[in-house]
Each structure stands twice: as structure tokens, then as C-alpha cells.
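*Asks:* Sequence:
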Amino acid sequence: MNRAFPSKKWFPPFRSTNPVADTDKQANTCGIRVVSKDVTDCKRVEDALSKSEARLQLQVDRMPIGCIVWDREFRVVQWNPAAEDIFGFSAAEAMGRHSYDLIVPREAQPQVDRVWQSLLQADLTANSLNENVTKDGRVILCDWSNTPLTDDGTVAAVLSMIQDVTKQAQADDALRESQARFRLVLQDSSIVVFDQDRDLRYTKIYNPNPAFSEQEVLGKRDEQLLPAEDAAALTRIKEQVLRTGLPVREEVRTTVGGEAFFQELKAEPIYDDGEVIGLACASMDISKRKRAEMRIQNQLERLAALRAIDLSIAGSTDVRLVLNVIVAEVVKQLRVDATSILLLSQDNQTLRYAAGYGFRGKSIEMGSPRVGEGVAGRVALKQRAIYISSLEEDVKEFSRAALMQAEAFVTYYGIPLVAGGRVQGVLEMYQRTGFQPDQEWFDFAQSLAGQAAIAIENARLFDGLHRSNCELILAYDATIEGWSRALDLRDKETEGHTHRVSEVTQRVAIVAGIGEAEIADIRRGALLHDIGKMGVPDSILLKPDKLTDEEWDIMRQHPQFAFEMLSPIAFLRPALDIPYCHHEKWDGSGYPQGLKGEHVPFAARLFAVVDVWDALSSARPYREAWSEERVYEHIRAQAGTHFDPKAVELFFQAMTAENEDQRAVD
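Oh and the sequence shown: position 153 is 152 in numbering that gives the first Met the number 0, straight run, nothing missing.
Quick caveat, the hints were computed from the structure, so don't treat them as lab data.
Every residue, glycine too, gets a C-beta built ideally from N, C-alpha and C.
Treat the hints with care, as some may be off.
What the hints assert, rightly or not - Here are the simulated EDC-like pairs of lysine to aspartate or glutamate, each with C-alpha atoms no more than 16 Å apart in a straight line: (1) Lys381 <-> Glu391; (2) Lys237 <-> Glu222; (3) Lys166 <-> Asp142; (4) Lys203 <-> Glu215; (5) Lys166 <-> Glu130; (6) Lys289 <-> Glu258; (7) Lys203 <-> Glu267; (8) Lys532 <-> Glu563; (9) Lys287 <-> Glu263; (10) Lys584 <-> Glu597; (11) Lys134 <-> Asp84; (12) Lys289 <-> Glu250; (13) Lys134 <-> Asp100; (14) Lys166 <-> Asp84; (15) Lys237 <-> Glu249; (16) Lys219 <-> Asp198; (17) Lys237 <-> Asp194; (18) Lys166 <-> Glu176; (19) Lys237 <-> Asp196; (20) Lys134 <-> Glu92; (21) Lys265 <-> Asp194; (22) Lys532 <-> Glu550; (23) Lys265 <-> Glu250.
Stated by the list, open to error - Label-pair restraints from in silico Cβ distances: (24) Glu130 <-> Val251: 48 to 58 Å; (25) Ser566 <-> Asp462: 28 to 38 Å; (26) Gly218 <-> Ser362: 57 to 67 Å; (27) Glu597 <-> Glu502: 17 to 27 Å; (28) Glu597 <-> Asn297: 53 to 63 Å; (29) Met62 <-> Gln110: 18 to 28 Å; (30) Glu623 <-> Asp462: 52 to 62 Å; (31) Ala569 <-> Lys361: 48 to 58 Å; (32) Ala168 <-> Met62: 20 to 30 Å.
Kindly produce the complete structure, drawing on both the sequences and the hints.
*Replies:* Quick look at the structure:
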């Protein structure tokens, strides 16, 4: 009977066959009996296991970390590609080789041997960082995880999982070194780095401030550590960062233990899941820099003060104006409550108040201490500064007790004002509170005192020079008037003419708006207008008859004679216009140069009208004096030919004003 078998059945090979005899016929074999076992299920398990091992091997080969399997002799039985990448040996090169011959440095072998023996006893699963050697001789750092593989309780092999952590270790070392350097730098620097939470409580201080220990600060807010005003300033800045999420950098002034500090605060937000949870802050002590800036600013202000004083000295001859500038700068720059300048009177050797600033009353202006009397007198006598830190203790030294009582002064500093080798006075400074100035303060006070002394000396020199100049001018004017009187005495016919034309010409010049200095020159020119006649012979000047043409030629030379006489005298050169040009005419027909129109000096044009007016108004041996009306008609008629029309107009304005003034007097 035939039997059908399912497909894909698995049977083991025949182990035995037995002949089958024909029962009908003895000893005749009629077939073979085969005994077979169905092992299909076992085969399927075997195939599945083989596939699983293949998949496992594939996964091991694809793992990014090294996988090595060692036998009990510590020889390689499996070496994946990642191990090849780490150590440089291919699987073919590594298979069957001992670990010590491959990757373990000689100096590490004793320690590795101890670990290996423990692994063979299945005592531990070893994890360690070890140095290994690559095929090319490099030393690398590897992270090892070793697991014993057992079979029936006996360790058959060891599986090692390896990662090359050389770069990570180097990075960690660099980070630790950087952190150490950072801590060292912060420790020796003026920067304090800290964190705060949203409540602005200190949560971390990386290098505590010398003013506060870490224990004193952690968990606290600024108002618990600083004065209210300082804490409010810091809180305002930090709350702004919490509110806006933007970093801030500002300079802040704080006070710790009564001492002022300046810090530059930088605050940045700390985020967690997009939300600001606190602040990361760095505070740098910039006190030295700020104090240096303040000193520089102070020095600049002091230089500006000295410059202002210099300008006042150069731009003013009024010593009191200059001294007022100085005392104002003393109070401003030296930050004293009051200051005064006492001038020394050389006549009676007393010190008189000249300028002051900051006083509540007038007591400082009273009294004039003598040289050697009281503190100010001793400053002037000894020509050295005196500093009194407590006037209450040294009240006997201070002769002006009423001043001290009225003003409540506590400290005093007096400096002699010395210039040109002589004491000019004393600069005094007062303070109503205790005051301990430094050397820089004293040095600048001396500089201001020097400026004051120079100002006083310059004013006195200028005053003396001014007096000398006035005396010289008076002497010149007296000489000029003497010359004019000499001319009048020489020519009796014109006696009084010079004085009259001088006075009227000055009035016309005033109406014309000419300045005071120019009017003085016009006056001198008018007094000397005929000085050139000193060069005309008496026979011509005093001749009672009509002059000949030749004599007129000589007479017309007197303006040139005047120029030659006066031009060498520098003081009289500005007055030459009238003596030299008063006979020039508007139409150019005059002499000595024949000037025309505005080429004739304005002063000479004014004087020409006055000269003719006085000449025609005065009697001469050869004619009677003209009436005022006739003289005026003649002058009007000559406007535009002999006279400048503008000069004629100004002349009549001056005469009208004079007549009105005279009627008002009458």
C-alpha cells in the first residue's frame, strides 16, 4: 500500500535496514523494512537558530562600538569592524592573537591580568577606562565594558565592548583646565559671577565678593545686603532684564561699609523651555577706573578754571573783576564753603578785603589786620601758608573771632599772594565742617593763589602804567596848547582863533558821531592847524599889505611845513589830517596836494568849514567882521565847491544845538 508523505519533511539518514521475507516462500526476500524518524521540527529550530546567529553577527558587525570576544586564553575569537576602526587591526590580523600582543601596553599588563583572572571566575563585570595602543603606535583612552560568557556555569569566553573616548577625555581635560583657569582668573580678578532666580535671590556665586562671603549672600536679595538706594538701583536693572528678556549692561554705584564702590553690571536672562527663570550676572569692580576718570575730570575742570582766570586777567584791567572770578573758582574747584582775598596796602602795611564768596554776612569786610597780626597777618609776614584744622582749638590764633562766630567756620587755610618778589595779599579759605584735604588739593590751591597774585601785580603795573601814560598825554597836550598860544602871540591878528576853532570843531565831530579817541586827535590837530606857519618868515606872515604872488607861494607851503614838523612825532601822527589838509577843497582846487572829494580826510573837511567860519566872523586890519547871517550864506554857497556838503550840514547842526543850549541857559 502506497502512503503519501507531506512535502518538506526532514528525516535523518538510514541507520539500519532489515530484509523482509516472503511468508509464503521460505528464505526468499520479498522486501526491505525501513525505520525513519521525522526531525522536521528540530531542523526548523536549527535553521532559526542559524538565522538568529547570522542576524546577531550582522548587528555586532554594524555596531558603532568595538566588540571583541576573547577565549579563556585571552585570545581573539571575534573582532568586529568597529574594533578595526579603533585599534587599526583587521579581523584577520587580530584573530587568535593574545591581547597583550595587540593592544595592551606593557605597563598596564599586571593590572589587566588581575581583572582578567577575576572575569574568568565570573566574579565581576568590569568597567574601566584604560590606555591602549593602536596598530600605528598611538596611545588612546578606551572605555571598556567586560562581560563573562558562561556555559553550564563555566566561563567559556569574555565579551568586551569598547569605545574610544580619547577626544572626549581631551575635551573634558581641556574643559577642566579651562574651568580651573577661569576660577583662578575670577579669584584674582575684580569680576564676580553669580546667578539669581526670578525673585532676585542669589542662587550661585562662582567667586564670592570680598565684601560678602558666599554664606552671607546665598538666598538673599540686594535690599538685605546693601543700602536701600543702592539696592533699588540694582533691582531696577535686573527687573528690566526679567521683564524684557534682553541683556543689560550698566554702571552702578554702591556703598559697602561706608565706602563707595563702582561696578559695571551685566545681566542676562536664563531660559528654561523658552521661559525666563532667572539671571546670569557678572559684576566687575570699576572703582579704580571711575576714580581715575573722576580725577581726570577734576583736573580738566581745574585746568579750565585756570584758563578762565587767565582770560579774565588778559581781558580786563579791573582787578576786582578778576578777583571775583578767582574766588568763585576757588569755591567751585576746591569745594570750600567760603573764600576771600585780602590786598596788602603798601602805605600802612594793612590787609584790606578786596573780594569774597560764600559768606553769610558782611563781617569779612570789616577790619584791616596789620601785617604780623592774627593768622592772615602772619601769612603775609612769613610768606608761607597756614592751615588750621580746628579754629575752636586755635581760636587765640585767629584775631577775627567775630567772623568765626558769625560764620561758624571750623577750618582755615591762608596762602600768601606773592608776585614780583613782593607780597600782594592773602588768599583765605574757610570750611564749616571738618576737612582733611590731600596734597593735590593744596597744590591746586597754591596754583590759584599764584594766579591771584599775578592778577594783582598786573593790575598794579597797569595802574601805574596808566597813570604814567595819562601824565604823558597831559604833558603832550600842555605842550601842544603852548605851541598854539605861541602862534597866537606871533600873529596878533589871529589871537584866540586857535582856541575857538578847536572847540567848535570838537562839537561838530560829536554831532558826526566820531569816537572819543578820534575827537582827541581832532582837538590836537585843530590846535596845531597853523603850526606850519612857524616856517613862514615874519615879513610875510605879519605883512600888513597884500601879499605878492611869490609871497603867497611861500604862505601856501605852511601845510607842508606842518607835515614835516609833526610826522616824526608818533604821538601826533593821528592828528596830522587837519594841519596838513585843512586847505584842501571839495572840488580839488585846494592845496598843498589838490585832493578832491572824499580823498580829503574827513577831519580836515569838518575843520575847513569851522576855520572859514571863524576867519570871516573875526575882524582883520584890512576888513570888518562879517555878520553871522552873511557868514552862514557864504558857507552854504561854498557847499559842493570849497566845502563837503555833508560837513556843512553837520556844522549847522552843531551851531543850532549850541544856540539852543545857550538859550536854555539864559
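*Asks:* Take the hints in turn and mark each one as holding or not.
*Replies:* Do the hints match the structure? See the list:
no., hint, verdict
1, Lys381 <-> Glu391, "violated (23 Å)"
2, Lys237 <-> Glu222, "holds (13 Å)"
3, Lys166 <-> Asp142, "holds (12 Å)"
4, Lys203 <-> Glu215, "holds (12 Å)"
5, Lys166 <-> Glu130, "holds (13 Å)"
6, Lys289 <-> Glu258, "holds (14 Å)"
7, Lys203 <-> Glu267, "holds (15 Å)"
8, Lys532 <-> Glu563, "holds (12 Å)"
9, Lys287 <-> Glu263, "holds (12 Å)"
10, Lys584 <-> Glu597, "holds (10 Å)"
11, Lys134 <-> Asp84, "holds (10 Å)"
12, Lys289 <-> Glu250, "holds (10 Å)"
13, Lys134 <-> Asp100, "holds (11 Å)"
14, Lys166 <-> Asp84, "holds (15 Å)"
15, Lys237 <-> Glu249, "holds (10 Å)"
16, Lys219 <-> Asp198, "holds (10 Å)"
17, Lys237 <-> Asp194, "holds (11 Å)"
18, Lys166 <-> Glu176, "holds (15 Å)"
19, Lys237 <-> Asp196, "holds (11 Å)"
20, Lys134 <-> Glu92, "holds (10 Å)"
21, Lys265 <-> Asp194, "holds (11 Å)"
22, Lys532 <-> Glu550, "holds (13 Å)"
23, Lys265 <-> Glu250, "holds (9 Å)"
24, Glu130 <-> Val251: 48 to 58 Å, "holds (52 Å)"
25, Ser566 <-> Asp462: 28 to 38 Å, "holds (32 Å)"
26, Gly218 <-> Ser362: 57 to 67 Å, "holds (59 Å)"
27, Glu597 <-> Glu502: 17 to 27 Å, "holds (26 Å)"
28, Glu597 <-> Asn297: 53 to 63 Å, "holds (60 Å)"
29, Met62 <-> Gln110: 18 to 28 Å, "holds (27 Å)"
30, Glu623 <-> Asp462: 52 to 62 Å, "holds (55 Å)"
31, Ala569 <-> Lys361: 48 to 58 Å, "holds (49 Å)"
32, Ala168 <-> Met62: 20 to 30 Å, "holds (21 Å)"
Of the numbered hints stated above, the single one contradicted by the structure is hint 1.
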